[in-house]
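*Asks:* Given next are the chains, with one letter for each unit.
Number of protein chains: 2
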Amino acid sequence: MKLLEDRIRQDGKIRSGGVLKVDSFLNHQIDVKLYGEIGKEFHRLFGDCGVTKILTIEASGIGIACVAAQFFDVPVIFAKKNKTKNIAGDVYTSKVESFTHGKVYDIIVAKEFLLPEDRVLIIDDFLANGSALQGLINLVKDAGATVVGAGICIEKAFQPGGDLIRSMGVRVESLAKIKSMTEDSIEFC
Amino acid sequence: MKLLEDRIRQDGKIRSGGVLKVDSFLNHQIDVKLYGEIGKEFHRLFGDCGVTKILTIEASGIGIACVAAQFFDVPVIFAKKNKTKNIAGDVYTSKVESFTHGKVYDIIVAKEFLLPEDRVLIIDDFLANGSALQGLINLVKDAGATVVGAGICIEKAFQPGGDLIRSMGVRVESLAKIKSMTEDSIEFC
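Chains A and B, in that order, give the protein sequences. For the first sequence, the positions run 1 to 189 when the working numbering is used. For the second sequence, the positions run 1 to 189 when the working numbering is used.
Okay, chain A solo, but in the shape it has when bound:
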């Protein structure tokens, strides 16, 4: 998606260690018009897949998922990062490794919101190592529901997540796929 690639070139900031900061327009300050165009593009890609729910993970996926869901006219569910020690029996739970924060945490979704007949589109802002996406896929599978695919804003194609998830047979559509980054240049696939 040229609009997103151009915006990343213009306003993204590359930091050492393969870190791309897009917090002026995507995940701290948010350009909602851009979210609208992203939502429209996800709908162009997945609009004919019979999507019944959009699933994302807190926090930065929520806004994108909500704006995109307006085009699909389906509910959003966001998986919560579990903060309490007691997990009630009425949730699906899965583990996600955060490479940024260097820890493993649980994500949860209430069972009542993911049903076996659901056809689920997963939406998130980034795909790098694929741990969050893997965790979300596991939640859907635990519910006996179908993963229609994953709509990702920015994929770091030089990290293993995209290949890993695609090798599982899941359709992954990334609107901007970064082939390589140095501190002063960025190349898209």
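Derived from the structure by calculation, the hints contain no laboratory data. There's no promise every hint is true.
If chains are identical, the list can't say which one is meant, so a pair holds when it fits in one copy or spans any two.
[Said to hold, decoys possible] In the SDA-like style, the derived pairs of lysine to any residue whose C-alpha atoms are separated by at most 20 Å in a straight line are:
#, residue 1, residue 2
1, Lys33, Ser185
2, Lys111, Leu20
3, Lys2, Arg166
4, Lys81, Asn129
5, Lys40, Gln70
6, Lys81, Phe25
Being a predicted model, the structure only gives us computed values, none of them experimental.
Once you have looked at the hints, place chain B on chain A.
*Replies:* Just chain B now, with coordinates in the frame of chain A:
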């Protein structure tokens, strides 16, 4: 807002200790059409106030803020709950007490996104004790920006937050104000 009150009556679940669960439509599973109506109502209330930014707090405020921002055509900023010990000097920070989780945490916003000339509408899903809203107001004040008001989905008017914030001279508009709740009834103001 009758639509929201009706939905709370229909799908809200009251738990002991003054807990109202609205996670089937507002803050876990999300009815994005309802978010659209909420956004439209916030725009009706604050559309003539010269709003330049909408500020919210992760996680459940983000979706509402993003959908509402489409009516205002302004960026959203969401304050992050700080998870790392090192706070860089380029953020405004404020403390918020979570009564649900029984702890105090820092919230942060990058200084570059809140400017003295900004006229900020704060949006959140709940107002109870007012600690999150107070923290967000402090961030705006630290930036030298103006708080235009606060748009809240559900105010628990039997808790002190609303009175506290209004007594500070901040305009608070709550779309559903709960006067009292028992386990099988709910009364709106």
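*Asks:* Next step is simple, just say for each hint if it's right about the structure.
*Replies:* Status of each hint after checking the structure:
In the homo-oligomer, the alpha carbons of Lys33 and Ser185 never lie at most 20 Å apart, since the shortest distance is 26 Å inside one protomer and 41 Å across protomers. Within a single copy, Lys111 and Leu20 get their C-alpha atoms only as close as 35 Å, which misses the 20 Å cut-off; across copies the closest is 19 Å, which meets it. For the homomeric pair Lys2 and Arg166, neither the shortest alpha-carbon distance inside one copy (23 Å) nor that between copies (46 Å) is at most 20 Å. Taking CA atoms no more than 20 Å apart as the test, Lys81 paired with Asn129 passes inside one copy only; the shortest distance there is 18 Å, against 23 Å between copies.
Both within a single protomer and between protomers do Lys40 and Gln70 lie at most 20 Å apart by alpha-carbon distance, with minima of 9 Å and 14 Å respectively. Proximity of Lys81 to Phe25 under the C-alpha cut-off of 20 Å is restricted to the inter-copy arrangement: shortest distance 19 Å between copies versus 23 Å within a copy.
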